[in-house]
Amino acid sequence: MNARRRTVLTAGAAGAAALVTGCGSSGDEGGGGDASGTPTASDGASPGTSPDTSPGGEELAATGDIPVGGGTVFKERKVVVTQPEEGEFKAFSAVCTHANCLVASVSDGTINCPCHGSKFSLTDAAVEAGPATRPLPEEQITVSGGTIRLG
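Note that the numbering used here has the sequence shown beginning at 15, numbered continuously upward.
Since the hints were made in silico from the structure, they are not lab data. Please note that a few of the clues may not be correct.
[Claimed, not checked] For lysine-lysine, the following DSSO-like pairs were computed, each having C-alpha atoms within a straight-line distance of at most 27 Å: (1) 89 with 133; (2) 104 with 92; (3) 89 with 104; (4) 92 with 133; (5) 104 with 133.
With the hints as constraints, model all of the structure from the sequences given.
And the structure:
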């Protein structure tokens with residue numbers, strides 16, 4: 015193989031390696047988080063308990079744990095549960111439709127993404143402030159006996 019061909023192949027291999035490295039995941043799915051350092055989300059499991067796999071889906075929370083007019087982000091399950099009005103529970107994907115970051119909090123009537131400032135209605139996940147242009151997809155939950163279950 016001549017020197018020119020070897021140089022081109024070496025440069026191409028280095029470029030491909032750089033591309034793969036640049037497109038890889040850092041392990042911080044969605045890059046979400048709360049810059050204030052204040053906990054705003056739950057992973058969905060209480061200390062000392064294991065996820066519930068009984069029929070009806072995994073237990074996310076007790077109904078009393080979701081504030082009226084607010085909500086809770088379950089980062090590990092990538093779901094946000096809201097309670098727009100007393101006794102009315104909604105669930106949506108916690109993955110922002112703009113850049114796939116995880117939403118981080120629910121406050122002032124909106125579900126908030128920290129990456130670029132998108133805000134979604136806690137009632138129906140409609141976009142209230144961009145840059146996102148699509149609502150968060152609805153997730154299925156079951157509410158029974160004071161418990162909210164995914165699915």
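Cross-check of the supplied hints:
1. Restraint check: the Cα-Cα separation between residue 89 and residue 133 comes to about 17 Å, which is no more than 27 Å; the hinted pair holds.
2. At most 27 Å may separate the alpha-carbon atoms for a hinted pair to count; residue 104 and residue 92 meet this at roughly 14 Å.
3. A C-alpha spacing of about 16 Å is found between residue 89 and residue 104, which places the hinted pair at or below 27 Å, so the restraint holds.
4. In summary, the hint linking residue 92 to residue 133 is supported, as the alpha carbons are separated by about 16 Å, within the 27 Å threshold.
5. Under the criterion of a C-alpha separation no larger than 27 Å, the hint pairing residue 104 with residue 133 is consistent with the structure, at around 16 Å.
The structure shown violates none of the earlier numbered hints.
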